[in-house]
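Line by line, the protein sequences give chains A and B. Here my numbering is used: position 6 in the first sequence is 6, and no number is missing along the way. Here my numbering is used: position 86 in the second sequence is 86, and no number is missing along the way.
Quick caveat, the hints were computed from the structure, so don't treat them as lab data. Do not rely on the hints blindly, as some may be mistaken.
Heads up, the list lumps identical chains together, so a pair's fine if it works in one copy or across two of them.
To be verified - Here are the simulated BS3-like cross-link-like pairs (lysine-lysine), alpha carbons at most 30 Å apart as the crow flies: (1) Lys-245 <-> Lys-74; (2) Lys-36 <-> Lys-19; (3) Lys-186 <-> Lys-245; (4) Lys-245 <-> Lys-117; (5) Lys-147 <-> Lys-69; (6) Lys-245 <-> Lys-232; (7) Lys-37 <-> Lys-74; (8) Lys-36 <-> Lys-256.
2 protein chains.
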Amino acid sequence: MSLKVVFIGAGNLASQLSKAIQNNGFKIIQVYSRSKKSATELAEILSVSYTTNIKEIDKNADIYFIALKDSVIKEVLAQIDFQNKLIVHCSGSLPLSVLTDYSDNCGVFYPLQTFTKSRFVDFSEIPVFIESEKKENEELLKSIAEKVSEKVENMGSEQRKILHVSAVFACNFVNYMYTVAADILKSNNISFDVIKPLILETARKVQEMEPVLAQTGPAVRFDENVINEHLKELENFGDYHELYKSISKRIFEHHKS
Amino acid sequence: MSLKVVFIGAGNLASQLSKAIQNNGFKIIQVYSRSKKSATELAEILSVSYTTNIKEIDKNADIYFIALKDSVIKEVLAQIDFQNKLIVHCSGSLPLSVLTDYSDNCGVFYPLQTFTKSRFVDFSEIPVFIESEKKENEELLKSIAEKVSEKVENMGSEQRKILHVSAVFACNFVNYMYTVAADILKSNNISFDVIKPLILETARKVQEMEPVLAQTGPAVRFDENVINEHLKELENFGDYHELYKSISKRIFEHHKS
Chain A
1 MSLKVVFIGA GNLASQLSKA IQNNGFKIIQ VYSRSKKSAT ELAEILSVSY TTNIKEIDKN
61 ADIYFIALKD SVIKEVLAQI DFQNKLIVHC SGSLPLSVLT DYSDNCGVFY PLQTFTKSRF
121 VDFSEIPVFI ESEKKENEEL LKSIAEKVSE KVENMGSEQR KILHVSAVFA CNFVNYMYTV
181 AADILKSNNI SFDVIKPLIL ETARKVQEME PVLAQTGPAV RFDENVINEH LKELENFGDY
241 HELYKSISKR IFEHHKS
Chain B
1 MSLKVVFIGA GNLASQLSKA IQNNGFKIIQ VYSRSKKSAT ELAEILSVSY TTNIKEIDKN
61 ADIYFIALKD SVIKEVLAQI DFQNKLIVHC SGSLPLSVLT DYSDNCGVFY PLQTFTKSRF
121 VDFSEIPVFI ESEKKENEEL LKSIAEKVSE KVENMGSEQR KILHVSAVFA CNFVNYMYTV
181 AADILKSNNI SFDVIKPLIL ETARKVQEME PVLAQTGPAV RFDENVINEH LKELENFGDY
241 HELYKSISKR IFEHHKS
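One chain only, chain A, in its complex shape (with noise of 0.2 Å):
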């Protein structure tokens, strides 16, 4: 018999991972989202029935999948009688902690990856991070996690909150980057093609090598004549100039010692 499964939440995450745990053999019985607009179509790509009314969730799921933004993951919970099923969060940096007032079998599932709606990802190759108290729910969780990945672990809620921080240096501040290379072109009617396959490269680099070991540019060369053009350059960039001084800083200072 195959585990019944209740997603809460069809945001970003939810989108991908119900997809991935659905194909993978398990039965998702019913979407909830406070958005009908991210109910329905999530409930339509995978053909089950959804809410928008916290008290119809279903009572009748083994497994509760919350994918919900942290800061509201406690008020929708504390609406829900789960009836000591098993809960589980996908949060990287909220501890297993914040589900034990709702029930008592709870789970982390955290797969490490940024998530849009529209853009499909192989879940084989996302690495997941597991997190229970009790053995049952952790072999569950692990038994579902490898289904869906080829790369699963076990965790604790503190270095998995390091493991999200540093996801947000190395996913969240380099796309902010690539949004600053994207404007200055546009400002010049360059088009962003031209610097997809830099961006594609510096990312195979560090699959590579050490990102330390990878680091080029006037920066950490010392190259004071380039930065200070490329400087010049941003002067009428507003904030990207003082960024790029920032930055610059600090790459010479790691590499300079």
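With chain A fixed as given, assemble chain B onto it according to the hints.
For chain B alone, kept in the frame of chain A given last:
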């Protein structure tokens, strides 16, 4: 008769570009570098002669590729009599005009990529930007560029400088963010491997969507709880605490408007 090329410089860029040029039917006749180690290493790979003596640079080349640090180009060029042969620099930030004192035939050949000696890159995918005053030199450089790359464009010095600035954000500053992530993970005995799929996906995403639309994470969600948790985690990480705050603020400002 194939064109005879001398490479002045034997660093990261010179190593990769000279190989690509040689593999596409051009004859490299000599490599010059002040550093004997760099000169011999590259000369061996190319099976050509080398010199570390600037006075012994071969006078019989048709083209001289100058792949030196921007800060030393002028000093080196002033010591060579090019007899008005075509001299070409490969710098994103220097204008064509830095060459005009040293020959009547000058050009720029700028491949937009991050190069490391030890890491082979497929040159065919690298955009190459060409500039020259004389039509015949432009045609010649274009024909070389089109042998090594599928993406060749003309671009003037001012535009190229903008391109180079944006590359600093999209590559050098991005790599610094990877370095910070690696540091944070290492200090907690977590392998950098776990974050590699995230790094790749972050780069792949912007191959298909605008970076501003690809932004995820607590800063763009205005999720103060998570940001404050992360800042607490970073309290013992010195400058990374400040860096986290300042980039999060920028993402927030960028997306609230």
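Hints and how they fare:
1. Lys-245 <-> Lys-74: between (41 Å within a copy, 26 Å between copies)
2. Lys-36 <-> Lys-19: Classified as within: same-chain Cα gap 19 Å, cross-chain 58 Å, threshold 30 Å.
3. Lys-186 <-> Lys-245: Both. Shortest intra-copy (21 Å) and inter-copy (27 Å) distances satisfy the 30 Å Cα cut-off.
4. Lys-245 <-> Lys-117: between (35 Å within a copy, 27 Å between copies)
5. Lys-147 <-> Lys-69: within (25 Å within a copy, 51 Å between copies)
6. Lys-245 <-> Lys-232: For Lys-245 and Lys-232, the Cα distance is within 30 Å both inside one copy (11 Å) and across copies (26 Å).
7. Lys-37 <-> Lys-74: within (23 Å within a copy, 62 Å between copies)
8. Lys-36 <-> Lys-256: between (54 Å within a copy, 24 Å between copies)
The structure shown violates none of the earlier numbered hints.
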